[in-house]
Amino acid sequence: MEPLKPARRKVKKDNRNTTGYLFISPFLLGFFTLTIFPILYSLYLSFTDYDLMGTPSWIGLDNYVRMFTDDPTFWKSMKVTFFYAGIAVPIRLVFALLVAMALNKIVEMVGLYRTLLYLPSVVGGSIAVSIMWRQLFGNDGAVNSILGALGLPTHSWLGDPDTAIWTLIVLYGWQFGSSMLIFLAGLRNIPKTYYEASSVDGAGPVKQFFIITIPLLTPVILFNTIMQVIQGFMAFTPSFVVTNGGPVNSTLLYVLYMYQRAFEYFDMGYASAMAWVMLVIIAIFTALIFKSSPHWVHYESDTK
Amino acid sequence: MKNKKWKKIVQHTVMIVFTLIMIYPLVWMVSSSLKESSSVFVDAHSLIPEGWHFENYITGWKGFGGISFSTFFINSAIISVVATIGSILSSTLIAYGFARVKFAGKNIWFVCMMLTMMLPFEMVMIPQYIMFNKFNWIDTYLPLILPTFFGIPFFIFLIMQFIRTIPTELDEAAKIDGCNSFQIFYRIIVPLIVPAMMTSAIFSFYWRWDDFMGPLIYLSTPEKYPVSLALKLFSDPNSVTNWGAMFAMSTLSIVPIFVIFFLFQRYIVDGISTSGLKS
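Each protein sequence line maps, in turn, to chains G and Y. Going by the UniProt record's numbering, 71 is the number at position 71 of the first sequence; the sequence numbering is gapless. Going by the UniProt record's numbering, 248 is the number at position 248 of the second sequence; the sequence numbering is gapless.
Okay, chain Y solo, but in the shape it has when bound:
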């Protein structure tokens, strides 16, 4: 009996130490954002700042080149929200088509979709850039947003897996009541797959918010930069002097991700677990 108790204490001690080491870098970033700029790298490992310099956040927010971080945050929000709406609307429609409608050639298209899921973006990055360049879409949000309206294979797959768990008897009953496929889709299926749509929406938001390569390639006017790109510019090792402000903006840039994570944790964890297993 005593042995068991000791085992538990050891287990938890190991776990706690390990977890603390793992999250140390994140805590370090937040604590550095509160240190006085000149002292960030004096005793860099210490997590407790001497005095709480919240003014780092105010100076950081002023941004650079006359553009404040409000502009960058608004830009990020616009791109992320519109792209998320686009990917969820289209992915849900497509997922229903693949999961519930029988049509000629379905299997071939399904294989195509799965292959697209494994195809890295880097493969089509250059031709897409040339294409959007020809359309004069460079330095607009179109290349970042429009493609999401064609569905995201990972979300299509995830939502499909979810639809498969819904009994087909429901569809049959609705059909007898005179519903056509589209009515079945939005009256019966959509309300039932909200959790899967939520999971996809959360991931989509993360990816868009964090996206760096897309804006790096397509945007050239600083006023249009999202937070990710602005932060890279702001943190350029050759020009930064105000380290406290730089860490303050770094910290703020991940706040939306944290908030969404803590609000919707359950969906995310379930989403990852299920999508990974049933492939």
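Just chain G, same shape as in the assembly:
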């Protein structure tokens, strides 16, 4: 397969190489200075004791040992995060899918509904929303006020360790907008003829949902799941602003605890070790989801 005119080809190819690398040079610069180097540096720090003063001192695996054997708060934050991500992510996805399906059925005013339902997600990242949530679920906030007006018992939502985490889960679920839009686009791509054909064969809406909608949406479900799992594990602002980890650490999400270790106790080595544990967990989850995907994700090109 060696080409006949190697010299000429080489010159041309080199030229393209220079052009290509010129275009992606900002990425390369950032990749090495802001990703690769920090990651390696973080790995090194995780084996040290470092408080930002002086130089990091090597302590081997001590941070990891301390984390797993001598830090109940670490385990607490891990538990809280798994609970939070494990419940909030499925809630958001199921919610997003159901609403998208409802919107897909409606013809009139669909733009208006879509816009209004997407609004919570548009402003979702803002601090104002977290502050609002804190007041909404506060003792004299609107939620209790509504319950009271309906004659139902009120509750100290943020003060009770059993319910505080649920306020954060509801906040996460409430912002289902972008997942909804992605699902909606996926639903629009399913040919109507599939439904028509199956209803001729006598399939009802429930059966159609399981044999047409879900299988054809699986690529979108895969994408949404991976993005949401990472986001769920990495949540910070809601727990920092709404509850600040309390009461009694019942909402201490992993990243909040990592933040406290790094920027309140200046325990940089320990916080770096925490970051690595999190990365490994996320990598395992992502890998599991990808690995399992051939069994449940259907690409249309496969079936044809």
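Hints in this document: simulated from the structure, not taken from any laboratory. Treat each hint with caution, since some may be false.
[To be verified] Now the in silico label distances, taken between C-beta atoms and shown as ranges: (1) Y:Gln11 / G:Lys192: 46 to 56 Å; (2) Y:Val17 / G:Phe37: 21 to 31 Å; (3) G:Asn15 / Y:Val27: 51 to 61 Å; (4) Y:Ile23 / G:Leu61: 44 to 54 Å; (5) G:Tyr299 / Y:Ile16: 35 to 45 Å; (6) Y:Val17 / G:Ser198: 39 to 49 Å; (7) G:Thr163 / Y:Val27: 23 to 33 Å; (8) Y:Lys175 / G:Asp49: 53 to 63 Å; (9) G:Lys192 / Y:Ile58: 25 to 35 Å; (10) G:Ser25 / Y:Ile16: 49 to 59 Å; (11) G:Ala203 / Y:Ile21: 30 to 40 Å; (12) G:Gln231 / Y:Ser239: 28 to 38 Å; (13) Y:Trp61 / G:Asn15: 54 to 64 Å.
In this text the structure is predicted, and so the values were computed from the model without any measurement. Just so you know, even glycine gets a beta-carbon here, dropped at the ideal spot from N, CA and C.
Fit chain Y to the given chain G structure using the hints.
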């Protein structure tokens, strides 16, 4: 026939009730910003204030510690606009390189970029902080702005998907006319991918405007705070007494997001839908 009509009425009633519940918290925030401070939490659920207390906005705007919200809004605007320009310029260049130029090692770098997209910021937060601390960049905007000039993987990916829909015949024709890659890029491609650049710019602006963790870590002088950080300070549950003013500033802080959303809705919705599907 009648059945169908009833079905429609039920459908819309359910949809309207559901939508109202979903946007209730936002309406509640706006309405609380117009209530008299002492009455915000009396009948907290009611949406209609007794008397319209627009003066909450005036008192709130005065801010705290002698710094008014004009300073915070200007700070946010500077950070968001410069960072957005940076991310779009760099991301567009990089996207073109990946989408249209053939070069050795391209696939490896592309995989690296996709992996970076999935890597949470929290992973590099601590080492980056130490690094910027060594550069004496703490309490400046550099750590918040400079990284955006190296491209944002999500935008690179989004713009790439868009470039792929442009027929390569256009590039070929331009090449025959004597254009080099850079000329093809800014004369042919850039004008055609403006919608994708817009979508990215809108997202970038949102993210920067809302960004809380970055300023929280890097900024320590209140005069330099963006709105997000100032609002957190302003709303500290232990010190707030003027709830009306607090809600007024919360409401104002999301106004820029609302305005951009309503102006460019079409781009955002299309952007999300397409970027999500073609991965």
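Each hint tested on the structure:
Between Y:Gln11 and G:Lys192 the CB atoms are about 18 Å apart, so this pair departs from the stated range of 46 to 56 Å. Distance hint check: the CB atoms of Y:Val17 and G:Phe37 are about 53 Å apart, inconsistent with the given range 21 to 31 Å. The given range of 51 to 61 Å is respected by G:Asn15 and Y:Val27, whose C-beta atoms sit roughly 60 Å from each other. The hinted window of 44 to 54 Å between Y:Ile23 and G:Leu61 holds, with their beta carbons roughly 51 Å apart.
Hint check: G:Tyr299 to Y:Ile16, Cβ distance near 37 Å, so the stated range 35 to 45 Å holds. Between Y:Val17 and G:Ser198 the beta carbon distance is about 31 Å. The supplied range of 39 to 49 Å is therefore violated. Taken as a hint, the range 23 to 33 Å holds for the pair G:Thr163 and Y:Val27, whose Cβ atoms sit roughly 24 Å apart. Taking the beta carbon of each, Y:Lys175 and G:Asp49 are about 58 Å apart, inside 53 to 63 Å as hinted.
About 55 Å separates the C-beta atoms of G:Lys192 and Y:Ile58, a value inconsistent with the hinted range of 25 to 35 Å. Judged by the Cβ atoms, the range 49 to 59 Å given for G:Ser25 and Y:Ile16 holds: they are separated by roughly 52 Å. For G:Ala203 paired with Y:Ile21, a C-beta distance near 33 Å keeps the hint of 30 to 40 Å intact. G:Gln231 and Y:Ser239 have their C-beta atoms about 31 Å apart, which keeps the hinted 28 to 38 Å range intact.
The hint said 54 to 64 Å for the Cβ distance between Y:Trp61 and G:Asn15, and at roughly 58 Å that hint holds.
The structure shown violates the earlier hints numbered 1, 2, 6 and 9.
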